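Trainee: So the chains spell out like this:
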Amino acid sequence: GQNIDQPTEMTATEGAIVQINCTYQTSGFNGLFWYQQHAGEAPTFLSYNVLDGLEEKGRFSSFLSRSKGYSYLLLKELQMKDSASYLCAVEADSNYQLIWGAGTKLIIKP
Amino acid sequence: NAGVTQTPKFRILKIGQSMTLQCAQDMNHNYMYWYRQDPGMGLKLIYYSVGAGITDKGEVPNGYNVSRSTTEDFPLRLELAAPSQTSVYFCASSYSGTGNSADNEQFFGPGTRLTVL
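Protein chains in written order, with this note's numbering: chain Z, 37 to 146; chain G, -18 to 98.
Take these hints with a grain of salt, some might be off.
[To be verified] Here are the simulated lysine-lysine pairs, DSS-like style, with alpha carbons at most 27 Å apart:
{"hint": "1", "chain 1": "Z", "residue 1": "Lys112", "chain 2": "Z", "residue 2": "Lys93"}
{"hint": "2", "chain 1": "Z", "residue 1": "Lys112", "chain 2": "Z", "residue 2": "Lys141"}
{"hint": "3", "chain 1": "G", "residue 1": "Lys(-10)", "chain 2": "G", "residue 2": "Lys25"}
{"hint": "4", "chain 1": "Z", "residue 1": "Lys93", "chain 2": "Z", "residue 2": "Lys145"}
{"hint": "5", "chain 1": "Z", "residue 1": "Lys104", "chain 2": "Z", "residue 2": "Lys145"}
{"hint": "6", "chain 1": "Z", "residue 1": "Lys141", "chain 2": "Z", "residue 2": "Lys117"}
{"hint": "7", "chain 1": "Z", "residue 1": "Lys141", "chain 2": "G", "residue 2": "Lys(-5)"}
{"hint": "8", "chain 1": "G", "residue 1": "Lys38", "chain 2": "G", "residue 2": "Lys25"}
{"hint": "9", "chain 1": "Z", "residue 1": "Lys141", "chain 2": "G", "residue 2": "Lys25"}
{"hint": "10", "chain 1": "Z", "residue 1": "Lys141", "chain 2": "Z", "residue 2": "Lys104"}
{"hint": "11", "chain 1": "Z", "residue 1": "Lys104", "chain 2": "G", "residue 2": "Lys38"}
{"hint": "12", "chain 1": "G", "residue 1": "Lys(-10)", "chain 2": "Z", "residue 2": "Lys117"}
Simulated from the structure, these hints should not be mistaken for lab results. Computed from a prediction, not measured in an experiment: that's the story for all the values here.
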């Protein structure tokens, strides 16, 4: 079967760094996405990894290891507005469908 | 550009009623998707379309129907609403389904919050 695992909830302090992990077991792999979703709003795109390694984009970085079926999203210099759910999604094959994790709710404390 | 728009924002249905959730995009995207999101759960794909006149089932299509007569519009039809269809429905679009991130990124509408009583 297809499965994506993420921690349900994490708490971090404003100004700190947090790493949100995602592990996946899928029939194939074409790419991995991270999306941010604020409560009551639609998901918005953060990053896309297709090759192993780290992709950096401002305060956010995303890492992928295809051999380990593992990715993480690294958020630096946390701000209160980063309080949101972070969704990991894998494109497992070429039929245009994404398999979504349940999301990690990140709570930022002052 | 308005991006992806959805109507209505909220709706309450009685069991057995039918309705159509509207979705439109003005980005000339080929690919469009319908998802549902239940509390604490990930997005589940209901139906998707790779272009006008072409639709296909996703993971949870039962109880729903779609059509794609134009590139812009992708309505979702609920027939005989059931309490299990209470959820938040998101429509999304992307330029293409595979390739680099610029093409793959899915843009989401604001969602329709549906309650079936």
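Trainee: Does each hint hold? Answer for all of them.
Mentor: Hints, verified against the model:
About 11 Å separates the Cα atoms of Z:Lys112 and Z:Lys93, which keeps this hinted pair within 27 Å; it holds. About 16 Å separates the Cα atoms of Z:Lys112 and Z:Lys141, which keeps this hinted pair within 27 Å; it holds. With a CA separation close to 19 Å, the supplied pair G:Lys(-10) and G:Lys25 stays within the 27 Å bound. Simply put, Z:Lys93 and Z:Lys145 have alpha-carbon atoms about 23 Å apart, close enough for the 27 Å limit, and the pair holds.
Proposed proximity of Z:Lys104 and Z:Lys145 is contradicted: the alpha carbons are some 32 Å apart, above 27 Å. The suggested pairing of Z:Lys141 with Z:Lys117 holds, with an alpha-carbon distance near 13 Å, which does not exceed 27 Å. Proposed proximity of Z:Lys141 and G:Lys(-5) is contradicted: the alpha carbons are some 32 Å apart, above 27 Å. For a cut-off of 27 Å, the pair hint linking G:Lys38 to G:Lys25 stands: about 11 Å separates their Cα positions.
Our distance criterion of 27 Å between C-alpha atoms is met by Z:Lys141 and G:Lys25, whose separation comes to about 18 Å. About 24 Å separates the Cα atoms of Z:Lys141 and Z:Lys104, which keeps this hinted pair within 27 Å; it holds. Straight-line distance between C-alpha atoms of Z:Lys104 and G:Lys38 comes to about 30 Å, which puts the hinted pair past the 27 Å bound. For the hint linking G:Lys(-10) to Z:Lys117, the alpha-carbon distance of about 24 Å falls within 27 Å, and the restraint holds.
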